[in-house]
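Given these sequences and hints, build the entire structure.
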Amino acid sequence: MLKELKIQTNQREELIDITHLIREEIASENISNGIVHLHVPHTTAAITINENADPDVKRDILYKLNKEIPQQDNYYHGEGNSDAHIKSSLFGPTLQLIVSDSKLLLGTWQGILFCEFDGPRNRRLYLKIVAD
Amino acid sequence: MLKELKIQTNQREELIDITHLIREEIASENISNGIVHLHVPHTTAAITINENADPDVKRDILYKLNKEIPQQDNYYHGEGNSDAHIKSSLFGPTLQLIVSDSKLLLGTWQGILFCEFDGPRNRRLYLKIVAD
Amino acid sequence: MLKELKIQTNQREELIDITHLIREEIASENISNGIVHLHVPHTTAAITINENADPDVKRDILYKLNKEIPQQDNYYHGEGNSDAHIKSSLFGPTLQLIVSDSKLLLGTWQGILFCEFDGPRNRRLYLKIVAD
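Protein chains in written order, with the numbering used here: chain A, 1 to 132; chain B, 1 to 132; chain C, 1 to 132.
Just so you know, nobody snuck in bad clues.
FRET-style restraints, in silico, Cβ to Cβ:
#	chain 1	residue 1	chain 2	residue 2	range
1	C	Gln72	B	Asn10	23 to 33 Å
2	A	Gln71	B	Lys103	43 to 53 Å
3	A	Arg23	B	Ala131	19 to 29 Å
4	C	Lys103	A	Asn10	28 to 38 Å
5	C	Asn74	A	Asp54	31 to 41 Å
6	B	Arg59	A	Arg121	35 to 45 Å
7	B	Asp132	A	Gln72	40 to 50 Å
8	C	Arg124	B	Arg23	16 to 26 Å
Source of the hints: derived by calculation from the structure; they are not laboratory data. C-beta atoms are modelled at their ideal positions from N, C-alpha and C, and glycine is treated no differently.
Here you go:
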């Protein structure tokens with residue numbers, strides 16, 4: 001089972017909680033136990049897990065990333081988005097999650113965040129569920 | 001097979017070698033070949049692989065992370081641990097490891113490190129083994 | 001199926017596109033659908049995904065990593081490569097990729113990059129393919 005989800009981003013940098021999208025796919029596939037593989041097919045975006053409650057956490061993550069890795073530096077790449085490429089590898093474009101008793105296994109405060117570092121763009125996310 | 005391990009941390013920031021715990025689980029499950037999925041259900045902790053020999057490597061990693069991402073910065077999140085949230089996404093809360101011929105596949109100098117960034121706390125680690 | 005690939009690096013820091021090596025293994029194993037697990041058994045190297053087109057992206061990634069995490073700092077570890085250990089955990093030594101319809105699932109601009117942070121050395125990469 002391989003699916004492609006569409007994700008519309010609205011800012012140059014943005015962390016978008018997509019936990020509900022992943023939960024919907026697990027429910028629609030009727031999986032009891034297994035692994036969900038997520039793959040972002042872009043080199044200026046990423047996927048991570050972080051706090052789903054206080055939106056200031058997302059703001060602080062983006063603030064600090066941009067303070068340390070600003071868009072302007074002594075870069076050679078002509079598209080002006082080398083900072084986004086670096087952030088993509090730091091957070092990583094893939095994620096594997098456990099499904100247990102038909103539920104996505106996450107901590108109380110954990111949400112799955114799609115990371116846009118060079119938007120706004122129409123982005124994609126591949127999702128493959130492997131049942132036990 | 002899904003298990004929950006308990007990990008007690010003792011410092012605000014700490015890298016704890018848990019390789020032996022993972023090896024014990026593989027041995028007790030009698031797995032010959034497969035994949036071990038690890039998931040830290042916290043947003044201010046992480047899991048990584050690094051050197052298991054010289055403890056100065058762990059010290060240097062924490063030293064440099066704190067030098068570049070100190071606890072105090074212009075953060076909005078009121079709990080005073082935004083640095084820990086950022087470090088959690090940089091190192092990542094999940095890890096997948098290969099089991100081959102009943103052994104955890106690691107390099108000579110590699111150990112599995114539980115990363116505490118906002119302790120001390122009672123932490124948990126989910127472990128799921130999928131045999132081939 | 002577990003394989004060990006050899007990778008010769010030529011610089012202290014280097015990002016080497018190994019996508020073709022992974023594609024060859026998938027082809028030789030005749031896998032239609034499944035997951036490729038990659039594991040770098042070293043603590044001063046890593047594996048990541050990033051742009052495969054403009055070589056300036058690789059240069060910019062290494063430039064910025066070294067600007068923020070130079071080889072010299074107030075480190076205790078006596079081998080003079082603490083920077084490489086830190087970079088290894090930031091980019092991560094493992095990667096999981098999706099195989100779909102006999103093809104490695106990657107975005108148009110994505111390549112798999114072996115990351116050398118303390119070369120030149122003879123490096124290894126473990127590859128395990130799990131078919132659905």
